[in-house]
Amino acid sequence: MRKFTWDQAFGWLGLALLAVGTYMGLFVAPPERYMGEVQRIMYVHVPCAWVGMVCYTFAFVMAIVSLWTHRPRHDAMVTGAIEVGIVLNALLLIQGSIWARATWGVWWDWDVRLTTSLVMLLLFAGVLALRSFVDDHSRRATWTAVTTIVAFIDVPLVYFCVRWWRSLHQVQSSPETVDPLMVLPLRLNAFAILFIAIWMMARRTRLEMARFRQEHVDEPARLEPAGGVQNV
Amino acid sequence: MRLLAQALTVVRKDLLLEWRGRSRIISVLLFGVVTLLLFSFAVGPDSIALRASAAGFLVLALLLSSTLGLSESFRLEQEQRAVEGLLLLPVDPIALYYGKAMSNTLFLMLLAPILTPVALVLYAVEIDPMRLLVLLGLWAIAAAGLSAPGTLYAAMTSRLQSQDVLLPLLLFPLVVPVLLGAVKAVALILTGDPMEQIRSWTILLVSFAVIYWSICGLLFPHAIEEGL
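Going down the list, the sequences are from chains H and V. With the first letter of the first sequence counted as 1, position 1 gets the number 1 in this note's numbering; the numbers rise by one all the way through. With the first letter of the second sequence counted as 1, position 191 gets the number 191 in this note's numbering; the numbers rise by one all the way through.
It is possible that part of the hints are untrue.
[As the list claims (entries may be wrong)] In silico lysine to any residue, SDA-like type, Cα no more than 25 Å apart, as pairs:
id	chain 1	residue 1	chain 2	residue 2
1	H	Lys3	H	Leu207
2	V	Lys13	H	Pro156
3	V	Lys13	H	Leu121
4	V	Lys184	V	Leu160
5	V	Lys13	V	Val121
6	V	Lys184	H	Leu121
7	V	Lys184	H	Lys3
8	V	Lys184	H	His70
9	V	Lys13	V	Leu87
10	V	Lys184	H	Cys161
11	V	Lys184	H	Leu13
12	V	Lys184	V	Arg159
13	V	Lys13	V	Leu133
14	V	Lys13	H	Trp108
15	V	Lys184	V	Glu126
16	V	Lys184	H	Leu207
17	V	Lys184	H	Ala210
18	V	Lys184	H	Tyr159
19	V	Lys184	H	Leu168
20	V	Lys184	V	Leu133
21	V	Lys184	H	Arg206
22	V	Lys13	H	Tyr159
23	V	Lys13	H	Ala102
24	V	Lys184	V	Leu87
25	V	Lys184	H	Glu208
26	V	Lys13	H	His169
27	V	Lys13	V	Leu29
28	V	Lys184	H	Val155
29	V	Lys184	V	Leu15
30	H	Lys3	H	Val155
31	H	Lys3	H	Glu208
32	V	Lys184	V	Lys13
Simulated from the structure, these hints should not be mistaken for laboratory data. These figures come from a predicted structure and were not determined experimentally.
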């Protein structure tokens, strides 16, 4: 029987919350006055954006810690957070495109928010690409941390660009100006995706640690003819 | 002051090597001219369309040539493990970084005085000499913004066999703000700036250059800690 780990609790809780939040977003929350039913994509689109940025921020913090400590676990956490951040970032762009097609009439617009979000995805994908080309673990961990810190420059830009520049994308809303029936499913899904992201990050971190151990494992044990098992 | 003196020594060494060889600057410039030519082939012999896209084509040609120049800058250091000799010298890694970044900035600045007149001729754009000087000054700021992360990433990727793929992959998304700022500002110089917007694009370029020079300078010692 497989051992139950703490992160699985986050995964199951996240999936349950996602089911409730999505049901409320689809069937309980009222449609938006101008956009109508298509606005309901917000209940997954906005949480993906929030949690994606949380993942990148966590990767940034762990990258600083990794440069400081040089511990493989911290490097594994950086990688796990970037991988999950990239998945959420890709989902964000796909959902945004679907919404844009229905609302703006185009799949893509060179708007500052859309462009910086795409750049964010490419920046962190570049970090993983660099990582895959470096064999030495210590160098790989340092370079991953360095490129993660540099790539993080884009994350505040993504968040604040709609306030700093003229943008087609709407600025952040305040819960006071939104119907409470819309706020609740949005919050439920935000926590749901956060919990699922924690679950996935923990799994990816564990996988990365397993890879590290595999790379650094001693030569396989060899059966000696007379004296049992001996490590060489 | 000691840091600055060390950085200037690195700049002097790089410029001396470049002057004695001269192969890097010539090949990179030729590459830039070929790129400008290819852009005009892509659009066709439509002088209005070429003129409208001139700023974008010029900055892209400068960016692509710069990437080639940056990747070459550390390849030289890898030959006969010269970089190990550099690291053994009593030079602060931060001074080493700023020295390399400064020499790379100077190298990239040299591209514009050659490629801009070629672009102006090919794309049938006419500007007065004063505006040409402003354009070169603006490219100097953009070159600083490109060379700071470019030097850091070139230092890292020069050890890898896939440098030609990895350096643009890491650098291009990062320098999108510099590219955007440079394209907009150059377009305003070429076509006129009645609303005086060039100031805001210059501020954007300067801001990103300052951010990149500070962060990359702080991170470079960590990047070379593992041995280039």
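Verification of the hints:
At roughly 15 Å between alpha-carbon atoms, lysine 3/H and leucine 207/H fall within 25 Å of each other, so this suggested pair holds. Proximity of lysine 13/V to proline 156/H is assessed by CA-CA distance (about 38 Å); at most 25 Å being required, the pair is judged violated. As the CA atoms of lysine 13/V and leucine 121/H are separated by approximately 38 Å, the hinted pair breaks the 25 Å bound. About 35 Å separates the Cα atoms of lysine 184/V and leucine 160/V, which puts this hinted pair outside 25 Å; it is violated.
For the hint pairing lysine 13/V with valine 121/V, the CA-to-CA distance comes to about 35 Å; that exceeds 25 Å, so the pair is violated. Proposed proximity of lysine 184/V and leucine 121/H is supported: the alpha carbons are some 24 Å apart, at most 25 Å. A distance of roughly 58 Å separates the Cα atoms of lysine 184/V and lysine 3/H; the hinted pair therefore is violated under the 25 Å criterion. About 42 Å separates the Cα atoms of lysine 184/V and histidine 70/H, which puts this hinted pair outside 25 Å; it is violated.
Taking the CA atoms of lysine 13/V and leucine 87/V, the gap is about 14 Å. The hint holds against a cut of 25 Å. With a C-alpha separation of about 18 Å, the suggested pair lysine 184/V and cysteine 161/H falls inside the 25 Å cut-off, and the hint holds. At most 25 Å may separate the alpha-carbon atoms for a hinted pair to count; lysine 184/V and leucine 13/H exceed this at roughly 49 Å. A hinted pair counts as satisfied when its Cα atoms are at most 25 Å apart, and lysine 184/V with arginine 159/V does not qualify at roughly 35 Å.
Pair hint lysine 13/V plus leucine 133/V does not hold up; C-alpha atoms about 28 Å apart against a cutoff of 25 Å. Note on lysine 13/V and tryptophan 108/H: the hinted pairing is violated, with a Cα-Cα distance of about 48 Å set against a maximum of 25 Å. With a C-alpha separation of about 18 Å, the suggested pair lysine 184/V and glutamate 126/V falls inside the 25 Å cut-off, and the hint holds. For the given pair, lysine 184/V sits about 45 Å from leucine 207/H by alpha-carbon distance, which is inconsistent with the 25 Å threshold.
The suggested pairing of lysine 184/V with alanine 210/H is violated, with an alpha-carbon distance near 48 Å, which exceeds 25 Å. With a C-alpha separation of about 23 Å, the suggested pairing of lysine 184/V with tyrosine 159/H holds against the 25 Å cut-off. Restraint check: the Cα-Cα separation between lysine 184/V and leucine 168/H comes to about 19 Å, which is no more than 25 Å; the hinted pair holds. For the hint linking lysine 184/V to leucine 133/V, the alpha-carbon distance of about 17 Å falls within 25 Å, and the restraint holds.
Between lysine 184/V and arginine 206/H the alpha-carbon distance is near 46 Å, which puts this suggested pair outside the 25 Å criterion. For a cut-off of 25 Å, the pair hint linking lysine 13/V to tyrosine 159/H is broken: about 43 Å separates their Cα positions. Between lysine 13/V and alanine 102/H, the direct Cα distance comes to roughly 59 Å. Violation of the 25 Å bound is thereby established for this hinted pair. Of the supplied pair hints, the one linking lysine 184/V and leucine 87/V is violated, its CA atoms being roughly 40 Å apart against a limit of 25 Å.
A hinted pair counts as satisfied when its Cα atoms are at most 25 Å apart, and lysine 184/V with glutamate 208/H does not qualify at roughly 43 Å. The suggested pairing of lysine 13/V with histidine 169/H is violated, with an alpha-carbon distance near 49 Å, which exceeds 25 Å. Distance check on the hinted pair: lysine 13/V and leucine 29/V sit about 21 Å apart at the alpha-carbon level, within 25 Å; holds. Among the hinted pairs, lysine 184/V with valine 155/H is consistent with the structure: their alpha-carbon atoms are about 23 Å apart, no more than 25 Å.
For a cut-off of 25 Å, the pair hint linking lysine 184/V to leucine 15/V is broken: about 31 Å separates their Cα positions. At most 25 Å may separate the alpha-carbon atoms for a hinted pair to count; lysine 3/H and valine 155/H exceed this at roughly 37 Å. A hinted pair counts as satisfied when its Cα atoms are at most 25 Å apart, and lysine 3/H with glutamate 208/H qualifies at roughly 19 Å. The suggested pairing of lysine 184/V with lysine 13/V is violated, with an alpha-carbon distance near 35 Å, which exceeds 25 Å.
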